[in-house]
Amino acid sequence: MSAFSLAWRNLVRQKRRTILMGTVVAFGFAAFALAGGFIAQSFEGLKEGTIRTVGQLQAVDRRAVTRAEEKTLEFGLHEATRARAILASDPDVSAVLPRIDFVGLATTGGKSVPYLGIGVDPDPEATATSARELVVAGQYLSGDGGDGVVLGTGLASALQVKVGDAVTLMATTPDGSLNAVDALVQGLADVQIKELNDRYLACGVALASRLLQSPETVSKLVIFLKGRADESKAAGRLGRALNAAGYPVVIRHWRELAVFYEQVKLLYIGIFGFVGAVLVVIVILSAAIVMTMAVTERTREIGTLRALGTRPSGILKMFLAEGVALAAAGCAAGLVLALLVRAVLNASGIILPPPPGATHGMPINVQFYPLAYAAGLVAMVVTMLVASYFPARRASRVSIVEALAHV
Amino acid sequence: MGDRERERGSQQPRLVEATGLTRTYRLGAAAVPALRDVTLTIGRGEFVALQGPSGSGKTTLLNLLGLLDRPDGGTVRIEGRNGESLSENARSDLRRDRFGFVFQTFNLIPVLTAHENVAYPMAIAATPLHERRERAGELLREVGLGDKLGVRPDLLSGGQRQRVAIARALANRPAVVFADEPTANLDSRTAEEILELMRKINEESAVAFLFATHDPRVVARARRVILLHDGRIEKDETV
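Chains A and B, in that order, are what the protein sequence lines are. The first sequence begins at 1 in this note's numbering and counts up by one. The second sequence begins at 408 in this note's numbering and counts up by one.
Hints are not guaranteed to be accurate.
[As the list claims (entries may be wrong)] Computed beta-carbon distance windows for the label pairs: (1) A:Leu285 - B:Gly462: 38 to 46 Å; (2) A:Arg13 - B:Arg630: 39 to 47 Å; (3) B:Glu541 - A:Asn346: 16 to 24 Å; (4) A:Arg13 - B:Thr512: 16 to 24 Å; (5) B:Gly462 - A:Leu385: 26 to 34 Å.
[Claimed, not checked] Facing chain A, according to a computed beta carbon distance under 8 Å, are these residues of chain B, among others: (6) Leu475; (7) Asp476; (8) Gly480; (9) Asn496; (10) Asn514; (11) Ile516; (12) Thr520; (13) Arg639.
None of these hints come from the bench; they were simulated from the model. Please read all numbers here as calculations on a predicted model, not as lab measurements. A virtual CB, placed ideally from N, CA and C, is assigned to each residue, including glycine.
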């Protein structure tokens, strides 16, 4: 007669109470599993989205790490084509994208609106990032981009332009003079961060270089790695290669650049951590009440077991085993519940509200993360052990004579 | 018994030896003395009835001798070992290995079958499973419940439950069985049968029995009767 066998029979004896408590544990487990899966999915999505925007690594001028540019391309990388070729020759690198960041005014003659410009190499940019997917009218840039530009829908609206219209771009060159080029609106993009959507302008590196009168100079080189390449090792190697070739650069990791990612992650952890803590407290209190009732009802039985020679630790183990058995049974039911709820939620097509800074919600998609399920199991077992411990300890210390006389 | 054996027996410590036992309960602010300076010895194979009116201290004495409770004064020695100096675990082990208990209300574990109830004391003594199974079955057959092995207590009659309790008390081959009013919840005929059974076990296996009882049928079968009154031994006579 093992402690678990006896525990299980005692649980079956109190069917209604066991079902009630098992349901609490099942809901607790399912909440952990589903929320864990949802959070992990959100982090994964956020991480992928961040990497698709900023790349896994970026090669930037050393000075750009600690100082902000006062003039356009003040800390630009010169001889960008050569630097790009050095990076592209690394076996772990899948794509190297030049980027030129600049600001200026876009005008249609009657109206001028400030923009945040980005010069890109259109084809690899479209392949490695989600730039093309943002286009809602017209087309994304191709080839070297020519005179084409893609505007955020907010910016296009402010300028009152549509696909095919001409705009004039003005910007300050690195030497401080003002320059302007004519461009053609080739596409409109719906950038999911509203403030950016109102200022977004993308064009080819060639057009940006012409506007800024800085050929062969880029703000940064965005690097994408192959498959599961080790980011840290690749960063070290690429940095050394560029330094050896005379480029005063540092390689930055995407986590350093995605402050937003870390903030959202911390926010999610805080919210779900708080909810999880409340959940654990509810389960602990419920289980402690149930266990206390069980101990009180079985006081005479405890006295009998002690009289027969069961050590106090044996009584303690018996009630702890009940807690663990209840946790295991509750988690088994919770597993079925979690899988059911997940299937229903994923089929429901519910659109979640947009995350901070985004303009579009996303359909709910709760993934099956075994780690979240394992965490739910561990959390419930530990919770039940904690909840059972004090009633069990009280049971183990009860006076045998008083217990035998208990009515 | 030969002379040598008798000599060896006399050198063995007494089975249960109580000296100057006192026990007082608190009832609010009042102190109620339940036992006052009780000294007695229980030998191997004895069949003893503790008799006395309600409140005379029978159950209190039984609890102290069975190491279920601790006295306020005096000592209980079990085969020479001072029960008061033992840890709670050591007292548990001693109860498990040397004592059996039979209660007025049977006190069987409701979730266990008759067979499992009898096997329980052997399980906590870490007796091998096959041995436990064999002996529990054997004991239940001995008490006339060979056909009730897999039955739970709630489906047994009072007499059958007490038989299971007796079989359980004998599971670890105890030196003494403490029985607190074992016939109080039984009808007359069943009580007679149960007493006959215990008497038979006592005679055949030399297990000592110590009863706390009001029942004259128990007293009539006892070979030694100890009369308690107001927490003191008034009479201790061998019949």
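Checked hints:
A C-beta distance of roughly 43 Å is found between leucine 285 (chain A) and glycine 462 (chain B), which places it inside the suggested range of 38 to 46 Å. Distance hint check: the CB atoms of arginine 13 (chain A) and arginine 630 (chain B) are about 42 Å apart, consistent with the given range 39 to 47 Å. Against the hinted window of 16 to 24 Å, the Cβ-Cβ separation of glutamate 541 (chain B) and asparagine 346 (chain A) comes to about 57 Å, which falls outside the hint. The hinted window of 16 to 24 Å between arginine 13 (chain A) and threonine 512 (chain B) holds, with their beta carbons roughly 18 Å apart.
The hinted range of 26 to 34 Å is not satisfied by glycine 462 (chain B) and leucine 385 (chain A), whose Cβ atoms lie roughly 44 Å apart. The restraint placing leucine 475 (chain B) at the interface with chain A holds, with a minimum CB-CB distance near 5 Å, inside the 8 Å limit. For aspartate 476 (chain B), the interface hint holds, the least distance from its beta-carbon to any beta-carbon of chain A being 5 Å, beneath 8 Å. Below 8 Å, beta-carbon pairs count as interface contacts, and glycine 480 (chain B) has none with chain A, the closest being about 17 Å; its hint is therefore violated.
For asparagine 496 (chain B), the interface hint holds, the least distance from its beta-carbon to any beta-carbon of chain A being 5 Å, beneath 8 Å. Nearest Cβ of chain A to the Cβ of asparagine 514 (chain B): about 4 Å, under the 8 Å cut. The hint holds. With a least beta-carbon distance of about 6 Å to chain A, the hint placing isoleucine 516 (chain B) at the interface is held under the 8 Å criterion. Contact between threonine 520 (chain B) and chain A, as hinted, is not supported at the beta carbon level, the nearest pair being about 10 Å apart and thus beyond 8 Å.
Here the hint on arginine 639 (chain B) is broken, as its CB sits about 20 Å from the closest CB of chain A, past 8 Å.
Going down the numbered hints, you'll see the structure goes against 3, 5, 8, 12 and 13, while the others check out.
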